[in-house]
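Peer 1: Assemble the complex: chain A is given as a structure, and chain B must be docked to it using the hints.
Protein chains: 2
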Amino acid sequence: VMVVPPIPVIFVGGVTGEWRIERIAPVRGESLPSAARLARIEGTSPPPSGVWTLRGTTSNERYVTRAEKEALRAAQPVLGRSESTRAALIPVRKSAAWWELAQDERRQILEERSRHVSLGLRYLPAIARRLYHCRDMGEPFDFLTWFEYAEDDAKRFEELVAELRRSPEWEFVEREVDVRLAR
Amino acid sequence: VMVVPPIPVIFVGGVTGEWRIERIAPVRGESLPSAARLARIEGTSPPPSGVWTLRGTTSNERYVTRAEKEALRAAQPVLGRSESTRAALIPVRKSAAWWELAQDERRQILEERSRHVSLGLRYLPAIARRLYHCRDMGEPFDFLTWFEYAEDDAKRFEELVAELRRSPEWEFVEREVDVRLAR
Chain A
-16 VMVVPPIPVI
-6 FVGGVTGEWR
4 IERIAPVRGE
14 SLPSAARLAR
24 IEGTSPPPSG
34 VWTLRGTTSN
44 ERYVTRAEKE
54 ALRAAQPVLG
64 RSESTRAALI
74 PVRKSAAWWE
84 LAQDERRQIL
94 EERSRHVSLG
104 LRYLPAIARR
114 LYHCRDMGEP
124 FDFLTWFEYA
134 EDDAKRFEEL
144 VAELRRSPEW
154 EFVEREVDVR
164 LAR
Chain B
-16 VMVVPPIPVI
-6 FVGGVTGEWR
4 IERIAPVRGE
14 SLPSAARLAR
24 IEGTSPPPSG
34 VWTLRGTTSN
44 ERYVTRAEKE
54 ALRAAQPVLG
64 RSESTRAALI
74 PVRKSAAWWE
84 LAQDERRQIL
94 EERSRHVSLG
104 LRYLPAIARR
114 LYHCRDMGEP
124 FDFLTWFEYA
134 EDDAKRFEEL
144 VAELRRSPEW
154 EFVEREVDVR
164 LAR
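If you're matching them up, the sequences are chains A and B in order.
Everything in the first sequence is counted per this note's numbering, starting at -16 for the first residue and increasing by one.
Everything in the second sequence is counted per this note's numbering, starting at -16 for the first residue and increasing by one.
Pulled out of the complex, with its shape left as it was, chain A reads as follows:
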């Protein structure tokens, strides 16, 4: 099925879904309630009921240049690879101070100082990733990032998130939860 973006998504933490929740860890601020399984529903199918629900949508890129966009497109793997038996859902909310910055200032912190895009590129194609936006939807988070990887790449994934959390960009994170999954 050809899906025209933006693609809406609903994540449901509860008792059904393809993914088993291994742990839910608060990185900054309040955590999410415990749940046994996670469903990730893209499109307009009705979601199952659950303990918690997070909504988002794919959107246009906000920071990448044409050159970065092409580099990402060339290296980015698809979601749903059979070897991707590990996943992470990382909801993040940034501070009012971040959103008050002008576009050039956010770009400067994100890429020139934090190397967000080039850092991510170093972990491709091992880590597949999809970013959903939700700040404009009245949700408790601004972004929901979804990652998929093979068990063999689990250590690489830990390096990636550790590097991102050490970056100047991360000083603007007000709430972050790290949900780890397996199937």
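In case anyone wonders, no lab produced these hints; they're calculated from the structure.
Predicted model, so just to flag it, every value in this text is computed and none were measured.
You may find that some hints are simply not true.
[What the hints assert, rightly or not] Partial list, derived from the structure: chain B residues whose beta carbon lies under 7 Å from chain A:
1. S42
2. K52
3. Q86
4. D135
[What the hints assert, rightly or not] Derived SDA-like pairs (lysine to any residue); straight-line CA-CA distance at most 25 Å:
5. B:K52 with A:R45
6. A:K138 with A:E152
7. B:K52 with A:E95
8. B:K52 with A:S42
9. A:K138 with A:R105
10. A:K138 with A:P9
11. B:K138 with B:S42
12. A:K52 with A:D136
13. B:K52 with A:D87
14. B:K138 with B:D87
15. B:K138 with B:A57
16. A:K138 with A:A109
17. B:K52 with B:G(-3)
18. A:K52 with B:A79
19. B:K52 with A:E88
20. A:K52 with A:W153
21. B:K52 with A:F155
22. A:K52 with B:A145
23. B:K52 with B:T36
24. B:K138 with B:E154
25. A:K52 with B:E44
26. B:K138 with B:A111
27. B:K52 with B:R105
28. B:K52 with A:E157
29. B:K52 with A:V61
30. A:K52 with A:R166
31. B:K52 with A:A109
32. A:K52 with B:Y46
33. B:K52 with A:R105
34. A:K52 with B:P60
35. B:K52 with B:W35
36. B:K52 with A:Q86
37. A:K52 with B:S42
38. B:K52 with A:G26
39. B:K52 with B:A145
40. B:K138 with B:F126
A virtual CB, placed ideally from N, CA and C, is assigned to each residue, including glycine.
Peer 2: Chain B in isolation, oriented as in the chain A frame:
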């Protein structure tokens, strides 16, 4: 009341609301149905029922630099001035080609080639303006722009929209409706 952004909005075309609809003109693509009055409801108050409803939200700026942001902030008038007896609601949808562009390419078309920000600055403080985003909300438009001005500035407002519609940026507009209002 101190409202923390993003501020959601609902525009309802129908029989109630502060603004009398003078005309609804399709600029590109399909128009909106006729209605007598327009209500603009910011926040979470329940909207009246109507013939059509458009939802959006204020959001962070996507293109302006710090210098442009400060210039806009210094010159931008508030909404609701008593002399602002004229208003316009201009919903716009841009093409898939626009949204496929990288951030630097959109910025280049918007400001370096179309002078969107500097053009707008020339009409301040006569024209008050608020931009609502709705592309990520599954709405029929990407943006809802709200303008308020005095009857004496009506000709200036026509100049502004004519200039914007002649710009390279406007070649990416796929649907645009121009709703003119008075109170």
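Peer 1: Mind checking the alpha carbons of K52 of chain B and W35 of chain B for me, to see if they're no more than 25 Å apart?
Peer 2: With a Cα-Cα distance of about 33 Å, the restraint between K52 of chain B and W35 of chain B is violated, given a limit of 25 Å.
Peer 1: Given the hinted pair K52 of chain B and V61 of chain A, is their alpha-carbon gap at most 25 Å?
Peer 2: It is violated: about 38 Å lies between the C-alpha atoms, which goes past 25 Å.
Peer 1: For the pair supplied as a hint, K52 of chain B and R45 of chain A, is the alpha-carbon distance within the 25 Å limit?
Peer 2: Holds, because 17 Å separates the two Cα atoms, which is no more than 25 Å.
Peer 1: Given the hint that K52 of chain B pairs with G(-3) of chain B, does the C-alpha gap stay at or below 25 Å?
Peer 2: Between K52 of chain B and G(-3) of chain B the Cα gap is close to 35 Å, so the pair fails against 25 Å, i.e. violated.
Peer 1: Is K52 of chain B within 25 Å of D87 of chain A, Cα to Cα?
Peer 2: holds (10 Å)
Peer 1: Check the hint pairing K52 of chain A with P60 of chain B against an upper bound of 25 Å on the C-alpha distance.
Peer 2: Violated: K52 of chain A and P60 of chain B sit about 37 Å apart, past 25 Å.
Peer 1: Given the proposed pairing of K52 of chain A with D136 of chain A, does the C-alpha separation stay at or below 25 Å?
Peer 2: Judged against 25 Å, a Cα distance of about 24 Å means the pair holds.
Peer 1: Are the Cα positions of K138 of chain A and R105 of chain A separated by 25 Å at most?
Peer 2: Holds: K138 of chain A and R105 of chain A sit about 14 Å apart, inside 25 Å.
Peer 1: Given the hint that K138 of chain B pairs with D87 of chain B, test it: the Cα-Cα distance must not exceed 25 Å.
Peer 2: violated (34 Å)
Peer 1: Holds or violated: K138 of chain B with A57 of chain B, Cα cutoff 25 Å?
Peer 2: Since the Cα atoms of K138 of chain B and A57 of chain B sit roughly 24 Å apart, the hinted pair holds (cutoff 25 Å).
Peer 1: For a C-alpha distance cap of 25 Å, please report whether K138 of chain B and A111 of chain B respect it.
Peer 2: Given pair K138 of chain B, A111 of chain B holds - Cα atoms ~15 Å apart, limit 25 Å.
Peer 1: Using 7 Å as the Cβ threshold, decide whether Q86 of chain B counts as touching chain A.
Peer 2: At about 5 Å, which falls below the 7 Å cut-off, the nearest Cβ of chain A leaves the hint on Q86 of chain B intact, so it holds.
When each numbered hint is compared with the structure, violations occur for hints 4, 11, 14, 17, 22, 23, 29, 30, 31, 33, 34, 35 and 38.
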